[in-house]
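Colleague: Chains as they are written, first to last, in numbering that gives the first Met the number 0: chain H, 0 to 262; chain L, 0 to 502.
Think of the hints as simulated: they come from the structure by calculation, not from any bench. Where hints are given, some of them may not hold.
[As the list claims (entries may be wrong)] Straight-line Cα separation of at most 35 Å, DSBU-like style, residue types lysine-lysine; simulated pairs:
id, chain 1, residue 1, chain 2, residue 2
1, H, 154, L, 104
2, L, 448, L, 410
3, L, 102, L, 75
4, H, 154, L, 134
5, L, 489, H, 154
6, L, 268, L, 189
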Amino acid sequence: MKVPRFSRKTLCIPYAVFLLFFVILPMLVILVYAFTDRNMGFSFGNFVKFFSDPTKLSTIVYSIVIALITTVACLLVAYPIAYILARSNMKKKHVILMLFVLPMWINFVLRVNAIRELFNWIGLLGQTNYFNTVFGMVYDFLPFMILPLYTTLMKIDNSLYEASADLGGNAFTAFTRITLPLSVPGIVSGVTMVFLPSMTNYVVSDMLGNSMVTIIGKFIYEYFGSDWHMGSMVALILLIVVFISTWLTGGFQSEENVRGANL
Amino acid sequence: MAEHIIELQDVTKYYGENLVIDHVSFYVNKGEFITFLGPSGCGKTTTLRMIAGFDLPTSGKILLNGKDISLLPPNKRPVNTVFQRYALFPHLNVYENVAFGLKCKKVLNTYRNDKGEEYTKKERLTKKTIEEKVKKALALVDLEGFEKRSVTTLSGGQQQRVAIARAVVNEPEILLLDEPLGALDLKMRKEMQIELKEMHRRLGITFIYVTHDQEEALTMSDTIVVMADGVVQQIGTPTGIYNEPANTFVADFIGESNIFNGTVVGARKVKFCGKTFDCVDDFGEGEPVDVVVRPEDVQMTSPERGVLKGEVISVVFKGIHYEITVQVGKYEVVVQSTESRAVGETIGLNVAPDGIHLMRPKYTTNVFDGVIDKENKVEFAGGKFDCDVTQLYPGSHIDEEDYLITAAGEKIDLTGTEVKVEVGLYDISISDDEEAGGTTGHIISIIYKGDHYRLIVRTGDSDEDEDFVFATEDLWNENDYVSVIIPKDKIKLTLKNTEEKKR
Numbered sequence: 000m001k002v003p004r005f006s007r008k009t010l011c012i013p014y015a016v017f018l019l020f021f022v023i024l025p026m027l028v029i030l031v032y033a034f035t036d037r038n039m040g041f042s043f044g045n046f047v048k049f050f051s052d053p054t055k056l057s058t059i060v061y062s063i064v065i066a067l068i069t070t071v072a073c074l075l076v077a078y079p080i081a082y083i084l085a086r087s088n089m090k091k092k093h094v095i096l097m098l099f100v101l102p103m104w105i106n107f108v109l110r111v112n113a114i115r116e117l118f119n120w121i122g123l124l125g126q127t128n129y130f131n132t133v134f135g136m137v138y139d140f141l142p143f144m145i146l147p148l149y150t151t152l153m154k155i156d157n158s159l160y161e162a163s164a165d166l167g168g169n170a171f172t173a174f175t176r177i178t179l180p181l182s183v184p185g186i187v188s189g190v191t192m193v194f195l196p197s198m199t200n201y202v203v204s205d206m207l208g209n210s211m212v213t214i215i216g217k218f219i220y221e222y223f224g225s226d227w228h229m230g231s232m233v234a235l236i237l238l239i240v241v242f243i244s245t246w247l248t249g250g251f252q253s254e255e256n257v258r259g260a261n262l
Numbered sequence: 000m001a002e003h004i005i006e007l008q009d010v011t012k013y014y015g016e017n018l019v020i021d022h023v024s025f026y027v028n029k030g031e032f033i034t035f036l037g038p039s040g041c042g043k044t045t046t047l048r049m050i051a052g053f054d055l056p057t058s059g060k061i062l063l064n065g066k067d068i069s070l071l072p073p074n075k076r077p078v079n080t081v082f083q084r085y086a087l088f089p090h091l092n093v094y095e096n097v098a099f100g101l102k103c104k105k106v107l108n109t110y111r112n113d114k115g116e117e118y119t120k121k122e123r124l125t126k127k128t129i130e131e132k133v134k135k136a137l138a139l140v141d142l143e144g145f146e147k148r149s150v151t152t153l154s155g156g157q158q159q160r161v162a163i164a165r166a167v168v169n170e171p172e173i174l175l176l177d178e179p180l181g182a183l184d185l186k187m188r189k190e191m192q193i194e195l196k197e198m199h200r201r202l203g204i205t206f207i208y209v210t211h212d213q214e215e216a217l218t219m220s221d222t223i224v225v226m227a228d229g230v231v232q233q234i235g236t237p238t239g240i241y242n243e244p245a246n247t248f249v250a251d252f253i254g255e256s257n258i259f260n261g262t263v264v265g266a267r268k269v270k271f272c273g274k275t276f277d278c279v280d281d282f283g284e285g286e287p288v289d290v291v292v293r294p295e296d297v298q299m300t301s302p303e304r305g306v307l308k309g310e311v312i313s314v315v316f317k318g319i320h321y322e323i324t325v326q327v328g329k330y331e332v333v334v335q336s337t338e339s340r341a342v343g344e345t346i347g348l349n350v351a352p353d354g355i356h357l358m359r360p361k362y363t364t365n366v367f368d369g370v371i372d373k374e375n376k377v378e379f380a381g382g383k384f385d386c387d388v389t390q391l392y393p394g395s396h397i398d399e400e401d402y403l404i405t406a407a408g409e410k411i412d413l414t415g416t417e418v419k420v421e422v423g424l425y426d427i428s429i430s431d432d433e434e435a436g437g438t439t440g441h442i443i444s445i446i447y448k449g450d451h452y453r454l455i456v457r458t459g460d461s462d463e464d465e466d467f468v469f470a471t472e473d474l475w476n477e478n479d480y481v482s483v484i485i486p487k488d489k490i491k492l493t494l495k496n497t498e499e500k501k502r
């Protein structure tokens, strides 16, 4: 009987097909739609329209600002707890870590709805829309910041802290010269995992911002209801923003330097 | 008298409930090269860490130049450490690693203001000073030109040098070295030993060195502190410790030794291996002693002229000498000599009086605190043993309900009675069948005594462990998990004094 043999090349074919149909072709379609008008004629019209419309420009700025605030808030909340958990000798620290990560296992829509009801109950819904949106995003994305930070902080050898103290360094020195520089990979992957989704997660902004906060994701969603060409252009611009921010945070460095949430 | 730079006064350290340092006291002279030597887990690294400040003593004091520093944090102590696995900062290059300590440092500088008054200011070192010092330190360890290299790309030996430079650049009063050569290969280690010794001479500061390698300790140190089980066994010069080991542990751990059980038979006369020898140590007549004879102190001669006579059973060439094992009656004697002998040859052996070292045996019997349970077994050392409880009350016997009836006819329930349990060194055996004996434990020490092994089995948890010391002819391995068997009639029970008072 002949045993079927698969070469590595053969095994790659399904993935190549997948990449072609679900990544490359859609990108090309977006590109084509972005630079054509309704009659499918080549045009820079959408591009010009986007950058000449103050609402659209302000939306993209708002999105970036909201994402930035969310990221910084996440980092400020996550770093201390990740640091405490990583450095403590607590026996039950995995339980505490799990509690922080647990919300990730609960349906996203349910979580956002719960927050909405909470805001409604204390009377903030519809009052502080931007605050509500950022709060919801921080709540949602916190685990994605804690996990990579925790794993990088865990990897710092305790003897380095001893060496720092031995050489005359105080607690502040140890933090600024050991902890912080060595946790940069964790910060980078945490920031990447929070910043990018929080620019487009319009479910949070819709529900908690009481539909008064429009972020770029919402824009794309709405345009694809009416004008695919403009929608594609916005999507393309978002892609460029993402590309630039990834490049800025060093996301294109070699993989081993960027440690993800491998818990 | 030399100045004591470090003094430990009755220092004890517990990790949780685990006793790791047990009332240790000693001092270190200024400028000397002192080595803590012992097997792993003996407490040598913990002692070093307490001097560095990473661990704090549970009780006792550590004095630096006469001042108590027991509770001072590491960054306030004028000592620097070379860590076991170097602990170099992976994100910094060689220069930044070495400069780390200097950048943390603040020094008092004296200035004169316009009015001519002097005032002092606490300032960081200038960039130029740091640069000069780092350069000097790197030159000391032969790493000039490596400033910009990342430490992760260096070889083990180079990392080692960076670690040393990083410590000595701060000009510490004491340099602590925690098994610094452990990760290097043999040749590299030998080279570094010589370099460290040379560095010690040049820097003139105190070196405290931790190692489990007895040869390293003998080669490098001015003073050796031999530790085992959290206790200092002996402190002395390398020659002193080698030639006059304080006990069988030191004799066995440092260098090769023949260790025999002997008896003092007269003034400066000791009997071992069935013959009487002249010796230089004075003990009371009839006293049992441990006899230590270094293999190089045994002289081979013709069968007629030797006090001992035996057959050569193995000859091993060791490079500089031969190691010859001779069967003398039931004893094995190891001899080191530059001359060889043929296997099977009958030869005579002599030992000069100053080659015989007598020591009071540390263990003569095993004593435990025990409690009688309701089945008239005795509980001690984490187990239960069958025993004869009638020996507690002469003439007594046990009735069918397990009560003890004394000679006078009194009925006693022994349950809960506290007793002293004694077991002789030759009355214990062990088995690898965990169910076979009354309690279980790990073998923590094995010393060969010519015709038998002396074993120590440690039972129970770390916080309340008990040791069984006994002789066996069988060969076991350290750390074997065994059960301890004691025949019923070999367990000697006596009532505790408190119980006697109550009666």
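Colleague: Now tell me, hint by hint, if it's right for this structure.
Modeller: Consistency of the hints with the structure:
1. For the proposed pair residue 154 of chain H and residue 104 of chain L, the alpha carbon gap of about 28 Å is at most 35 Å, so the pair holds.
2. Between residue 448 of chain L and residue 410 of chain L the CA atoms are separated by roughly 48 Å; this puts the pair beyond 35 Å, and the hint is violated.
3. Between residue 102 of chain L and residue 75 of chain L the CA atoms are separated by roughly 15 Å; this keeps the pair inside 35 Å, and the hint holds.
4. Only pairs whose Cα atoms come within 35 Å are accepted, and residue 154 of chain H paired with residue 134 of chain L is accepted, the gap being roughly 31 Å.
5. At roughly 55 Å between alpha-carbon atoms, residue 489 of chain L and residue 154 of chain H are farther apart than 35 Å, so this suggested pair is violated.
6. Our distance criterion of 35 Å between C-alpha atoms is broken by residue 268 of chain L and residue 189 of chain L, whose separation comes to about 42 Å.
Hints 2, 5, 6 from the earlier list are contradicted by this structure; the remaining hints agree with it.
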